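Chemist: Here are the chains, one letter per residue:
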Amino acid sequence: MASTVLVVDDSAMARKMLIRSLPAAWDVEVRQATNGLEALAAYRQGDVDVMFLDLTMPEMDGFQVLEALKAEGLNCLVVVVSADIQPEAQERVKRLGAIAFVKKPVDAEKLGVVLREYGVAL
Amino acid sequence: MSTALFSEDQRDALQELTNIGMGQAGASVAAVLGEFVMLSVPRILVLKPNLIPPALARIVGSEKVTAVRQGFHGDLRGEAVVVYGVSHCRELADLMGYDDVIDEATEQELLLDVSNVLVGACLGGLAEQLNAEMGFSAPSLMATEAEVSSLLDVERMDSPCALFVEVNFSLEKRSFSCHLVMLLPEDQILVLRDAIDRFLASL
Numbered sequence: 001m002a003s004t005v006l007v008v009d010d011s012a013m014a015r016k017m018l019i020r021s022l023p024a025a026w027d028v029e030v031r032q033a034t035n036g037l038e039a040l041a042a043y044r045q046g047d048v049d050v051m052f053l054d055l056t057m058p059e060m061d062g063f064q065v066l067e068a069l070k071a072e073g074l075n076c077l078v079v080v081v082s083a084d085i086q087p088e089a090q091e092r093v094k095r096l097g098a099i100a101f102v103k104k105p106v107d108a109e110k111l112g113v114v115l116r117e118y119g120v121a122l
Numbered sequence: 001m002s003t004a005l006f007s008e009d010q011r012d013a014l015q016e017l018t019n020i021g022m023g024q025a026g027a028s029v030a031a032v033l034g035e036f037v038m039l040s041v042p043r044i045l046v047l048k049p050n051l052i053p054p055a056l057a058r059i060v061g062s063e064k065v066t067a068v069r070q071g072f073h074g075d076l077r078g079e080a081v082v083v084y085g086v087s088h089c090r091e092l093a094d095l096m097g098y099d100d101v102i103d104e105a106t107e108q109e110l111l112l113d114v115s116n117v118l119v120g121a122c123l124g125g126l127a128e129q130l131n132a133e134m135g136f137s138a139p140s141l142m143a144t145e146a147e148v149s150s151l152l153d154v155e156r157m158d159s160p161c162a163l164f165v166e167v168n169f170s171l172e173k174r175s176f177s178c179h180l181v182m183l184l185p186e187d188q189i190l191v192l193r194d195a196i197d198r199f200l201a202s203l
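Sequences listed follow chains V and U, in order. In terms of the numbering used here, the first sequence opens at residue 1 and continues consecutively. In terms of the numbering used here, the second sequence opens at residue 1 and continues consecutively.
These are computed hints drawn from the structure, not numbers from a lab. On a predicted model such as this, the values are computed, not experimentally measured, just so you know. Warning: the hint list may mix true and false statements.
In silico EDC-like links for lysine to aspartate or glutamate, alpha-carbon gap of 16 Å or less [what the hints assert, rightly or not]:
id: 1; chain 1: V; residue 1: Lys103; chain 2: V; residue 2: Glu91
id: 2; chain 1: U; residue 1: Lys173; chain 2: V; residue 2: Glu88
id: 3; chain 1: V; residue 1: Lys16; chain 2: U; residue 2: Asp9
id: 4; chain 1: V; residue 1: Lys16; chain 2: U; residue 2: Glu8
id: 5; chain 1: V; residue 1: Lys103; chain 2: V; residue 2: Glu88
Between beta-carbon pairs, the in silico distance windows are [what the hints assert, rightly or not]:
id: 6; chain 1: V; residue 1: Gly119; chain 2: U; residue 2: Arg174; range: 25 to 31 Å
id: 7; chain 1: U; residue 1: Ser7; chain 2: V; residue 2: Met1; range: 36 to 42 Å
id: 8; chain 1: V; residue 1: Val113; chain 2: U; residue 2: Glu128; range: 20 to 26 Å
id: 9; chain 1: V; residue 1: Leu37; chain 2: U; residue 2: Leu51; range: 26 to 32 Å
id: 10; chain 1: V; residue 1: Leu37; chain 2: U; residue 2: Ser7; range: 22 to 28 Å
Even for Gly, the Cβ is constructed at its ideal location relative to N, Cα and C.
Using the sequences plus the hints, can you model the full thing?
Modeler: Here it is, written out as structure tokens:
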């Protein structure tokens with residue numbers, strides 16, 4: 001059965017780059033959101049298995065999304081994909097429940113390693 | 001004037017590439033200051049030169065500012081300006097562990113150092129992704145405790161428009177913030193646009 005992934009980034013190019021970096025053998029249905037509010041709305045509709053979440057976004061940033069997800073009882077795997085490479089940012093998102101941090105620009109191989117570690121991709 | 005020189009895809013790409021440079025700059029300055037740096041979405045505008053001072057004033061407010069300029073050259077040519085509110089200059093000295101009032105020369109040296117780190121990481125990160133060679137001149141103080149409106153001599157800019165890229169850095173626990181503005185004249189906007197097109201075509 002296909003996994004549903006939600007790609008959250010305000011940049012269309014960044015979403016495209018992330019989607020192209022997903023393992024080719026992974027059977028996925030891709031949904032997209034352009035800011036944190038849209039991401040939460042999409043998440044609440046259900047079925048999201050993995051969320052790829054940018055941090056720096058208008059309306060509602062990635063940290064706020066993680067806080068909201070945590071408060072609602074996190075029910076999907078969140079991989080943060082961000083250019084904010086401060087060690088403190090990486091520690092924070094993990095404390096907020098993200099399973100991994102992948103820095104931008106995304107390296108497809110590293111992303112594959114992260115996903116396989118959690119058994120969510122081939 | 002709008003950002004009509006850029007298509008929506010080009011503008012989006014420039015914003016994202018700047019975002020990646022900003023992330024590198026944020027991490028560098030966080031390491032120097034030992035504080036968490038909060039980043040916001042970069043803003044991209046194409047403006048007539050006379051609209052640059054109001055755009056700067058919108059970022060920093062009415063406070064007087066001290067600013068550092070640093071030219072860049074190579075495949076892309078332009079100027080980066082780092083703007084600090086005057087009260088934030090003192091905060092910077094405190095952050096760097098000076099307990100007392102520091103003399104003007106020391107404060108200026110600090111500003112030049114921090115600006116150099118920000119500009120090098122941010123623009124260097126942008127250039128790297130675009131496969132552009134970029135060199136930097138030494139940073140220099142362009143104004144101290146000046147009105148924002150007098151910061152740039154826009155009369156002397158002989159370009160019909162300029163690219164204004166705004167990146168803001170602020171600290172979570174302290175009131176310190178500063179703003180990096182990248183200014184490119186019109187001919188260089190076209191060079192940048194071609195580089196972005198090549199980048200997009202390579203995806």
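Chemist: Each hint needs a verdict: does it hold in this structure or not?
Modeler: Results of checking the hints against the structure:
1. Between the alpha carbons of lysine 103/V and glutamate 91/V the distance comes to roughly 13 Å, so the proposed pair stays at or under 16 Å and holds.
2. Among the hinted pairs, lysine 173/U with glutamate 88/V is consistent with the structure: their alpha-carbon atoms are about 13 Å apart, no more than 16 Å.
3. Restraint check for lysine 16/V and aspartate 9/U: the C-alpha separation of about 12 Å stays at or below 16 Å, so the hint holds.
4. Distance restraint check for lysine 16/V and glutamate 8/U: the Cα-Cα separation of roughly 15 Å lies within the 16 Å cut-off, and the hinted pair is therefore satisfied.
5. Distance check on the hinted pair: lysine 103/V and glutamate 88/V sit about 13 Å apart at the alpha-carbon level, within 16 Å; holds.
6. The supplied range of 25 to 31 Å is broken by glycine 119/V and arginine 174/U, whose beta-carbon atoms lie about 42 Å from each other.
7. For serine 7/U paired with methionine 1/V, a C-beta distance near 39 Å keeps the hint of 36 to 42 Å intact.
8. Our hint of 20 to 26 Å for valine 113/V and glutamate 128/U holds, since their Cβ atoms are close to 23 Å apart.
9. Look at leucine 37/V against leucine 51/U: about 31 Å separates their beta carbons, and that is inside 26 to 32 Å.
10. In this structure, leucine 37/V and serine 7/U meet the distance hint of 22 to 28 Å, their C-beta atoms being roughly 26 Å apart.
When held up to the earlier numbered hints, the structure conflicts with hint 6 and nothing else.
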